[in-house]
Amino acid sequence: MQNPLSFCNALRAPLSHPGWQLAPGLLVALAVITLTATGVSALLWQAPALNPAELWQSRYLRSVVSFTVWQALLSVLISTLLAIPVARALARQPRFPGRGLLLRLMELSLVMPTIVVVSGLVNVYGRQGWLTGVVSDFIPALQWNLYGLNGIVLAHVFFNAPLIARILLQALEAIPQSQKRLASQMGLRGFMLWRVLEWPAMKPVLPGLLALVFTLCFTSFAIVMTLGGGPGATTLEVAIYQALRFEFDFGRAALLALVQLSICGGLWWLVMRLGEHAKVLSEQRFSQPPPRRDNRGRARFCDAALILVFAVFLLLPLLAIVARGYPGLATLPMFNPQTPLFQATVKSLAIAVPAGLLAVIATLAIVAAGRFPRAKTVTHSAGYLPLIVPPLVLGTGLFLLFRPSLGVAGPGMLLVAFINAMMALPFILQLVRGPLASLNQSSRQQADQLGILGWYRWRWLHWPRLKRPLALALAYGVGLSLGDFGVIALFGSPSAPTLPVLLYQQLGSYQLVAAAATGLWLILLLLIVFSLAHVLTRTARLRPFARPQNLSVMDIRHA
Amino acid sequence: MLDVSGLGFHYPTPPEQHGPKWQFDFTLSPGECLAIHGASGSGKSTLLNLLAGFLHANSGSIRWHQQELTPLPPWERPITSVFQEHNLFEHLNVADNIGLGFHPGLKLSGAQKIEICAALERVGLAGMGKRRPAQLSGGQRQRVALLRALLRGQPLLLLDEPMTGLDSDARHILHGLLLEQKRDGVAIILASHDAEDRQVLADRVWSL
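In the order they appear, the protein sequences are chains D and Y.
6 is the number of the first residue of the first sequence in the numbering used here; add one for each residue after it.
2 is the number of the first residue of the second sequence in the numbering used here; add one for each residue after it.
These are calculated hints, taken from the structure and not from any lab test.
Built from N, CA and C at the ideal position, the CB exists for glycine as well.
Do not rely on the hints blindly, as some may be mistaken.
Stated by the list, open to error - Below, in silico cross-link-like pairs of lysine to any residue (SDA-like), each with a Cα-Cα straight-line distance of 20 Å or less:
hint : chain 1 : residue 1 : chain 2 : residue 2
1    : Y       : 22        : Y       : 57
2    : Y       : 22        : Y       : 47
3    : D       : 472       : Y       : 97
4    : Y       : 108       : Y       : 124
5    : Y       : 131       : Y       : 119
6    : Y       : 22        : Y       : 33
7    : Y       : 108       : D       : 530
8    : Y       : 108       : D       : 439
9    : D       : 472       : Y       : 106
10   : D       : 208       : D       : 196
11   : D       : 381       : D       : 464
12   : Y       : 131       : D       : 469
13   : Y       : 131       : D       : 208
14   : Y       : 108       : D       : 469
15   : Y       : 183       : Y       : 108
16   : Y       : 108       : D       : 355
17   : Y       : 108       : D       : 82
18   : D       : 472       : Y       : 196
19   : D       : 208       : D       : 256
20   : Y       : 183       : Y       : 47
21   : D       : 208       : D       : 19
22   : Y       : 108       : D       : 468
23   : Y       : 108       : D       : 460
24   : D       : 381       : D       : 439
25   : Y       : 108       : D       : 196
26   : Y       : 108       : D       : 20
Said to hold, decoys possible - Each pair of labels, with its calculated beta carbon distance range:
hint : chain 1 : residue 1 : chain 2 : residue 2 : range
27   : Y       : 6         : D       : 197       : 38 to 48 Å
28   : Y       : 67        : D       : 274       : 29 to 39 Å
29   : D       : 195       : Y       : 176       : 32 to 42 Å
30   : Y       : 111       : D       : 419       : 48 to 58 Å
31   : D       : 416       : Y       : 14        : 36 to 46 Å
32   : Y       : 14        : D       : 54        : 33 to 43 Å
33   : Y       : 14        : D       : 376       : 21 to 31 Å
34   : D       : 104       : Y       : 196       : 27 to 37 Å
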């Protein structure tokens, strides 16, 4: 009889030692934690006199903190109140025309360059905006001002309502098929359906999701920079930026950064204690739901109206960007290396592509190491830390630490790419974790027994499942960095701007046609990046003639 | 000869919760089939997982021809398992799924490729090498899983409800393949609720 040891040693897979899975991820996680700790410590160290009493003594600081909290709470509340009915309507209407496109658009909202969208919002809701003009005709007494709390909350709702709706829809679609069938059979609808099926499905994701959206609104920078209306509508992030860039008051910057850190950190500590987390990006497609009683007749009409209004709300600013930007972009010598647009594009890509690659590599390493129980705490912390420590706080610390040596060129840009990559980590982790975990227990055991380990495991089992999510993750990483207007504002140079900075400069100097062209170009660049990711990983679709039981649509997609 | 003695296992639970504890003692000769049955939670799958190395025993030993297997990881044990489902990797075609039994990196010789084609033909799946598992029926998928297990050439086969949900034709094909393996000296442990499977294949039946 064959000797098992001799048989298996001959087939030892390359890189199958567990250290190859554990060490890189552990190193990356420790690097993220160290860099964050260094940034925050540097901020504290450089602050000459930290005066916490300033927080309640200074009227300005009090108003900054209270406005930051207020606008974030209001944004979360309105976004959620809009997102829940939209998610329910989309769940009820799986065959609604254009539903797929709308869902893609909702996913993209996460990476849409803030400053470009803001310019679109101004074109629609600004004093001279399309919609403001129409509404003013009907309500002449309308006193609407986009700048200030109105605009900030509107922009936050634009970005976050689709995100919340998308995740809640995912939670609704994840309700077990058997339960949906039972509900369909019993004819549940309305409040009973909400109580029995929908609310229990949404409840577990809500704490993490709302904490995420609150953090995003709380730390929002570009929106407040562009739509904030003076000292009365300033958030902590903008106040930190002003303290650093214009007042050179490191003590105040450090104090504000600590306030921000404690509020965000406290919130996430609470969420982690609850043991909840939001799945930020969709990771699965689900099979066809059974027919239900509440998606026909009048209910269908109401759902369609709601979905249409929501789609228009998302599309109007984008259409405005296209309409305003096209004339400028069409006449621009795009490929002339001397034009500011060309140079800003090169600079943006030079930061965004390495940032995207870094984010994907770091994510893979962290996910691989996270499967070892002893590394779980470290990798988990590193994955969520960028949500707790806002980029401007981190950037401020590192800016202060490296101030004398870090200029606007090479190393400074590398640091920007690194911070951008870090900021993309929490989102990209969500994209990769699901497909990686989709290898079920039996398959993993089969793979173990067959010796499909190390490189072979990656090549034959993980890569086919991961190549699409990884390409999408890379696109998200590149997209988030392309639209970054926070970290780059600290390290960037006005003479060599990235695309968002160029757009901000053009808006500031009233070059409105050029600004619109830059905004449109940034959106187009984003679409090119996502299309490339899609095309490069496109595989032939299969038409199974006998779909066995327990096979999800996702399995077929992978095939 | 497989010699399992004092093989003890319990799932880690807090001391105040008295979780189930198992202890197994038995032997199995080459070419013999031991069928085990029992209610859910009686320990059938636990035993198979302990033998395969998917679970680590708290005590005892597993020996195959005097060689101690307990410290070995699953891929170094002379064992192949076939589960009730999810035996095949959905994104690989049938031939590649079987080929993994020969080499975990799919580095196959010409002879091995020919062997895979011949094996497929023998079980009525000729020409289906390029198909994906999603394009096969449940019975066809189990035949492919069993073919991979057999071509892997390990002397001990663990079957965990491999025929649940299959029609009688598919069952007869699998029975034939397994009886052939028994004749070739492969020892089989079969966990099954089905009396017909036990009657056709088992030399001994063990109720847990």
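Hints versus structure:
1. Y:22 / Y:57: holds (13 Å)
2. Y:22 / Y:47: holds (11 Å)
3. D:472 / Y:97: holds (19 Å)
4. Y:108 / Y:124: violated (24 Å)
5. Y:131 / Y:119: holds (14 Å)
6. Y:22 / Y:33: violated (27 Å)
7. Y:108 / D:530: Violated, because 41 Å separates the two Cα atoms, which is more than 20 Å.
8. Y:108 / D:439: With a Cα-Cα distance of about 29 Å, the restraint between residue 108 (chain Y) and residue 439 (chain D) is violated, given a limit of 20 Å.
9. D:472 / Y:106: holds (18 Å)
10. D:208 / D:196: holds (15 Å)
11. D:381 / D:464: Violated. Residue 381 (chain D) to residue 464 (chain D) sits at ~24 Å, over the 20 Å cutoff.
12. Y:131 / D:469: Satisfied, since the Cα-Cα distance of roughly 16 Å is no more than 20 Å.
13. Y:131 / D:208: The hint is violated at about 45 Å.
14. Y:108 / D:469: holds (18 Å)
15. Y:183 / Y:108: violated (29 Å)
16. Y:108 / D:355: With Cα atoms ~40 Å apart, residue 108 (chain Y) and residue 355 (chain D) exceed 20 Å; violated.
17. Y:108 / D:82: violated (57 Å)
18. D:472 / Y:196: violated (45 Å)
19. D:208 / D:256: violated (41 Å)
20. Y:183 / Y:47: violated (23 Å)
21. D:208 / D:19: Not OK: residue 208 (chain D) and residue 19 (chain D) at ~44 Å, beyond 20 Å, violated.
22. Y:108 / D:468: holds (17 Å)
23. Y:108 / D:460: Roughly 13 Å separates the two Cα atoms, so the pair holds.
24. D:381 / D:439: Between residue 381 (chain D) and residue 439 (chain D) the Cα gap is close to 16 Å, so the pair holds against 20 Å.
25. Y:108 / D:196: violated (58 Å)
26. Y:108 / D:20: At roughly 16 Å apart (the allowed maximum being 20 Å), residue 20 (chain D) and residue 108 (chain Y) satisfy the hint.
27. Y:6 / D:197: 38 to 48 Å: For residue 6 (chain Y) and residue 197 (chain D) the Cβ distance comes to about 58 Å; the hint is violated.
28. Y:67 / D:274: 29 to 39 Å: Violated, since residue 67 (chain Y) and residue 274 (chain D) (Cβ atoms, about 56 Å apart) do not stay within the stated range.
29. D:195 / Y:176: 32 to 42 Å: violated (53 Å)
30. Y:111 / D:419: 48 to 58 Å: holds (50 Å)
31. D:416 / Y:14: 36 to 46 Å: violated (54 Å)
32. Y:14 / D:54: 33 to 43 Å: violated (56 Å)
33. Y:14 / D:376: 21 to 31 Å: Taking Cβ atoms as reference, residue 14 (chain Y) and residue 376 (chain D) lie about 23 Å apart, which means the hint holds.
34. D:104 / Y:196: 27 to 37 Å: With a Cβ separation near 50 Å, residue 104 (chain D) and residue 196 (chain Y) fall outside 27 to 37 Å, so the hint is violated.
In summary, the structure is inconsistent with hints 4, 6, 7, 8, 11, 13, 15, 16, 17, 18, 19, 20, 21, 25, 27, 28, 29, 31, 32, 34 from the numbered list given earlier, while agreeing with the others.
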